[in-house]
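Trainee: The residues making up each chain are set out below.
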Amino acid sequence: GEDVEQSLFLSVREGDSSVINCTYTDSSSTYLYWYKQEPGAGLQLLTYIFSNMDMKQDQRLTVLLNKKDKHLSLRIADTQTGDSAIYFCAESKYSSASKIIFGSGTRLSIRP
Amino acid sequence: EAGVAQSPRYKIIEKRQSVAFWCNPISGHATLYWYQQILGQGPKLLIQFQNNGVVDDSQLPKDRFSAERLKGVDSTLKIQPAKLEDSAVYLCASSSGTENEKLFFGSGTQLSVL
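So the sequences go chain by chain: A and B. All the letters of the first sequence, read from the start, carry residue numbers 1 to 112 under the numbering used here. All the letters of the second sequence, read from the start, carry residue numbers 1001 to 1114 under the numbering used here.
Bear in mind the hints are in silico, worked out from the structure with no lab data behind them. Take the hints with a grain of salt, since some may be wrong.
[To be verified] Calculated lysine to any residue pairs in the SDA-like style (CA-CA distance at most 20 Å, straight line):
id, chain 1, residue 1, chain 2, residue 2
1, B, K1011, A, P39
2, A, K99, B, G1097
3, A, K67, A, P39
4, A, K99, A, P39
5, A, K99, B, Q1059
Could you build the full structure based on these sequences and the hints that come with them?
Mentor: And the structure:
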């Protein structure tokens, strides 16, 4: 079945880069997403990548996809206190927003 | 543009009681979703509506959960009777229903069943 796995916690120093990793099991996944959830809020789409891409960069965010290993990562450059949140990896076979499978989330903590 | 609105923000009930949550999606969004997010887990889809019709309710525990979207706009999700394991955040999301659409989430209703 479909499964998305992430480590639970990551702690980084302010100004350093954060790298959040994710593995998924469904080789037919077409779309891979990163969502951010701040305390008391819903999820917000940060970025997404199609399975035919290896990398996508958007300002401080870099997404790397290793389709062979079914491994997705999100790198946040120059991590700030405002980046403290839970980051969810998600995958879908479809271009529609339905059938998205979410991981359990990685809590990113920033230390001064 | 107004986001997805949900109410109430918090709800505390005793087991076996009933509870209802309300969601108003982004204006013009044809597709509406209810997700359950248990503490420490990612959201899990309960039900998906396209306009006022159900597209997917395969994960909805139909013996106790029900949802409706009668006029194809706002929606309610009901639990009757509630169990302890229903304690979670109930998130509503909406999307436009077009190609490469994105999900927009509300802030959720945090339910505690005692």
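Trainee: Would you mind marking each hint as holding or not holding in the structure?
Mentor: Going down the list of hints, with the structure as the test:
Under the criterion of a C-alpha separation no larger than 20 Å, the hint pairing K1011 of chain B with P39 of chain A is consistent with the structure, at around 17 Å. Between K99 of chain A and G1097 of chain B, the direct Cα distance comes to roughly 13 Å. Compliance with the 20 Å bound is thereby established for this hinted pair. Taking the CA atoms of K67 of chain A and P39 of chain A, the gap is about 32 Å. The hint is violated against a cut of 20 Å. As the CA atoms of K99 of chain A and P39 of chain A are separated by approximately 25 Å, the hinted pair breaks the 20 Å bound.
The suggested pairing of K99 of chain A with Q1059 of chain B holds, with an alpha-carbon distance near 11 Å, which does not exceed 20 Å.
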